[in-house]
Amino acid sequence: VQVDIRCDPRPDFGRVLPRLRARGALGVWYEHEGRALVLRCDLPIALSADRADIGVQDTMRAGDRHYVSLIAATEEPAVLPPLGGHAEFRIQRSIDWWRRWADRCVYDGPYREAVLRSALTLKLMEYAPSGAVVAAPTTSLPEGLGGVRNWDYRYCWLRDSSLTLQALFDLGYRLEGEAFLSWLLHTTSMSLPELQVLYGVYGETRLKERTLDWLSGFANSRPVRTGNDAHGQLQLDIYGEVIDAVYAFTTRGGRLDRGTRRMLAGFGETVCRRWSEPDEGIWEPRGGRRHNTYSKAMCWVALDRLCRLNDEGHISAPTARYRQVQRDIHDAVESRGFSDEMDSYRCALGVDGVDAALLLLSRYGYADAASPRMRGTYARVRRDLGVDGLLYRYRGEDDGLPGAEGAFGICSFWAVSYLAQAGRHEEAAAAFEHVLSFANDVGLFAEEIDPRTGAALGNFPQAFTHVGLIDAALQLAHERGTQLRPGHERRSALTSARL
Amino acid sequence: MNLPNILLWGFVATIVMSTIMDGSRGIGWSRMSLPFMLGTIFTPNYDRATPIGFVLYLLVGWFIALIYAMLFESIGRATWWLGGLLGVVHGAAFLVLFMPLLPGIHPRMASERTGPDPTHALEPPGFLALNYGSMTPAFTMLGHVVYGMILGGFYRLASGG
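Protein chains in written order, with my numbering: chain A, 1 to 499; chain B, 1001 to 1161.
These are computed hints drawn from the structure, not numbers from a lab.
All clues stand as given, with none of them false.
Partial chain B-side listing against chain A, Cβ under 10 Å, derived:
#1 M1037
#2 R1108
#3 T1114
#4 G1115
#5 P1125
Partial selection, computed: residues in chain B whose CB lies under 8 Å from chain A:
#6 S1030
#7 S1033
#8 Y1046
#9 D1117
#10 P1118
#11 A1121
#12 L1122
#13 E1123
#14 Y1132
#15 G1133
In this text, a Cβ means the ideal position worked out from N, Cα and C, and glycines have one as well.
Make the full structure from the sequences, and use the hints.
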């Protein structure tokens, strides 16, 4: 077969045309702002006339073996691992490491292959020096081809924290879970007592969005963006998700230090002070704030977990006040956040419409999955947001952006979790297998799925979608009574409101 | 020789030179790390090489400061400009003579001619250490000149001259 390898480095998002240097046995080099990129190959390497691109062309026959290595060096002289047999050794060592890591997965239930693939994906999106897990490693892959819904996801969203942490713990990856929680607690202390929607992998709080107008974008989807202005939004739900993550940590034997206890108290005060404010909500629309039902319910969850932490001796909290605020939130949600006509919770207080995040109300223990209100909500969500067995996150709402988007991967998995919790196991399994059928050839999901073509839309691969997959599989296995490996019992989701 | 004095200012000058050269790496103008290069002489562990190398770097900096002190004593004067001049000679010798020799004497450095092998995998510096970035010679010279200026400016001759 004819082999054609091309390497066209374009630093600074394509603005710099590089000048490559051929350095004989050391390979082809490119230097940019103290970083070196080195391409080495045991086939002849050719530089283009303008020395901006590298090409390798050759013919290979059955049994031939050749090696290409790409080395990045920052701030230090590069280390140039040799090709040939030594490369084979290093490849095998990498494979062995990943196999050993995969063997640590304690989940032996149904869909293990898909669960393990998702765990591997999460691991690959963990930024090892800090323990942060990025939402996706890409920016501006479009949610609608040719559209403007192109975002930078190379950051860490707090909304993902609770489910991510529980997925890591429940699969037996305690070290990764603790590293993630440690990042979470150190990072959030940068903005105390308020939480920011997203942070950089080192906890950076300024993530100003800018558009790269010189790039045409994937499938002409402009603009291409770096940074994310959602960092300045108000999302009250994240208090519930972060505090639930801490609570999950304690239920698995974790202990809280003094700084964390003080931080939780600060969050509790913030929730009590701000729960009645409108916010942008979990989906970060650019169209303004409203009283999102899910955000209110997650404020309830935040206070519920703080009370539980107090009752279990982890913190000292003003529980009487918290419980009073919980009751206020509950009253607001149950009166104005539920519509008798729709027989469903509403997307926002007093606003008729549904939001797929409402399916999480039972997952976080705000409502019982088998309650009439949740049953009605599921039916309404499926009716209004369903498409070919998948779910949109919302529909028919002005989110401040032109164009359409695809079905939302994690929402489709939330539906599975809900069904499993509600005891509708056969339905849950069928729905799960249907959503799984949209994975690509190596089991990966993007943020969204084009319901017409099944194609992946949005940034890829998407941690949140894979977290949803793991959670749905574990929920399904748990509700069916499937055991993890001995000594690794899953802590069940809280199943009922406590007022 | 005023030993306590040269040990004190040799330490200070080495730290300042290290700060200048590491600063150039931090802002992306060079990839030359002398602690890393020194450390890899003694360990194949690239993570441990830098801290080990930093200790060696301090010792080498002290040792060379003794040579500066001997030169000051033999000339009979120590001034900042004389120290800076010695720094120019020192830096030039380091870049022009020592750097190209390094692949031949460093046990883990690859050769420009034969490329890397499992033992010799570290990128060689090349002429003027330009392989580590086009600004490397400038910052290396700056570091050496400042090193010499500190020694010349603060060293007190044993003779009191």
